[in-house]
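Student: Use the sequences and the hints to build the structure in full.
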Amino acid sequence: MRKLFAACAAALVAGIAAGSVPSSPAGAAHRGSCTRDLLFCEDFDRLPSGGPSTLNWGVDTRNGTLTVERARHGKHLHIHTIDNGRAFLRVDDFTAPGTRFFGRMRLRVDAFPTAPDWAHFTLVEATGTGSPEVVRPIGGQYAPTVPGTFWGIGADGGPTGDWTEWRESAPVTEDSWQCFEWSLDRADNRITVWIDGVANPELTASTTDHGGNDVPFVLPTVDTVKIGWQLYQPNTTPTEFNLWIDDIALSATRLGC
Numbered sequence: 001m002r003k004l005f006a007a008c009a010a011a012l013v014a015g016i017a018a019g020s021v022p023s024s025p026a027g028a029a030h031r032g033s034c035t036r037d038l039l040f041c042e043d044f045d046r047l048p049s050g051g052p053s054t055l056n057w058g059v060d061t062r063n064g065t066l067t068v069e070r071a072r073h074g075k076h077l078h079i080h081t082i083d084n085g086r087a088f089l090r091v092d093d094f095t096a097p098g099t100r101f102f103g104r105m106r107l108r109v110d111a112f113p114t115a116p117d118w119a120h121f122t123l124v125e126a127t128g129t130g131s132p133e134v135v136r137p138i139g140g141q142y143a144p145t146v147p148g149t150f151w152g153i154g155a156d157g158g159p160t161g162d163w164t165e166w167r168e169s170a171p172v173t174e175d176s177w178q179c180f181e182w183s184l185d186r187a188d189n190r191i192t193v194w195i196d197g198v199a200n201p202e203l204t205a206s207t208t209d210h211g212g213n214d215v216p217f218v219l220p221t222v223d224t225v226k227i228g229w230q231l232y233q234p235n236t237t238p239t240e241f242n243l244w245i246d247d248i249a250l251s252a253t254r255l256g257c
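The numbering of the sequence shown is the numbering used here, which starts it at 1 and goes up by one.
Please note that the accuracy of each hint is not assured.
[What the hints assert, rightly or not] Cβ pair distances, simulated, as ranges:
(1) 62 <-> 93: 21 to 31 angstroms
(2) 187 <-> 118: 31 to 41 angstroms
(3) 224 <-> 47: 12 to 22 angstroms
(4) 224 <-> 33: 23 to 33 angstroms
(5) 50 <-> 169: 31 to 41 angstroms
(6) 252 <-> 218: 18 to 28 angstroms
(7) 178 <-> 34: 12 to 22 angstroms
(8) 48 <-> 214: 48 to 58 angstroms
(9) 50 <-> 214: 41 to 51 angstroms
(10) 69 <-> 215: 42 to 52 angstroms
Just so you know, these hints were derived from the structure itself, not from any lab.
We put the CB at the ideal spot given by N, CA and C, even for glycine.
Tutor: Below you can see the structure in the form of structure tokens.
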């Protein structure tokens with residue numbers, strides 16, 4: 001009986017200690033399994049803890065780091081940046097069949113920027129051939145006029161200019177795991193976003209309906225997808241950013257949450 005009590009007590013202490021580390025989303029080990037039919041997949045479970053050690057994807061960082069960490073359910077990727085730094089997992093030589101592909105990731109952000117005014121951040125970025133647009137289906141901005149920080153679709157580098165169409169219908173949530181999905185369809189240059197399995201009709205863009213200059217918005221034929229974090233303005237509050245990403249997948253069909 002004493003041995004059983006000691007074992008239970010040790011498990012309880014371990015559980016409390018583990019609470020200081022953000023757990024992965026429930027069931028992620030099952031839902032995040034990588035299958036051969038996916039265009040790209042990374043659930044981090046087979047990678048060693050520590051700095052990235054894989055040939056399946058690259059790294060793009062400036063004042064930021066990527067670290068594979070063990071969690072309660074498998075492993076996930078910890079992204080850390082300082083001020084307006086960046087840290088991305090980079091999928092190169094990507095090819096999607098047809099005109100459309102879908103993406104998914106599970107995400108937990110410790111804190112979003114509250115300064116400077118209009119602080120703009122990106123978590124997913126897609127580039128390719130046929131259009132110079134740098135497409136940002138998952139990103140957002142701090143809006144001092146509300147005030148608040150909101151998710152929004154954006155782009156840069158192309159004829160539509162530098163824009164982020166943030167929406168009050170999509171406020172950010174801090175310190176909580178969420179599932180984000182997106183699709184890019186060159187048939188009508190449409191971006192669609194789902195949060196926790198629910199589509200937000202305002203988080204869309206298309207050829208003639210977007211937040212940039214009054215010219216057509218044209219998606220590239222995507223060959224590179226970056227997933228992580230970048231903030232574009234200096235002197236931020238907070239001064240550092242931490243987020244955790246898991247179950248990244250790119251697919252020809254919607255994966256769901």
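Student: A separate judgement is required for each hint: does it hold in the structure or not?
Tutor: We went through each hint and held it up to the structure:
Checked against the hint of 21 to 31 angstroms, the pair residue 62 and residue 93 passes, with Cβ atoms roughly 22 angstroms apart. Taking the beta carbon of each, residue 187 and residue 118 are about 33 angstroms apart, inside 31 to 41 angstroms as hinted. In this structure, residue 224 and residue 47 meet the distance hint of 12 to 22 angstroms, their C-beta atoms being roughly 21 angstroms apart. For the pair residue 224 and residue 33, the supplied restraint of 23 to 33 angstroms holds, since their beta-carbon distance comes to about 25 angstroms.
Look at residue 50 against residue 169: about 39 angstroms separates their beta carbons, and that is inside 31 to 41 angstroms. Against the hinted window of 18 to 28 angstroms, the Cβ-Cβ separation of residue 252 and residue 218 comes to about 21 angstroms, which satisfies the hint. Restraint check, residue 178 to residue 34: a C-beta distance of roughly 21 angstroms satisfies the suggested window 12 to 22 angstroms. The beta-carbon spacing between residue 48 and residue 214, approximately 50 angstroms, falls within the hinted interval of 48 to 58 angstroms.
The given range of 41 to 51 angstroms is respected by residue 50 and residue 214, whose C-beta atoms sit roughly 48 angstroms from each other. Between residue 69 and residue 215 the C-beta distance comes to about 43 angstroms, which sits within the given range of 42 to 52 angstroms.
The structure agrees with every numbered hint stated previously.
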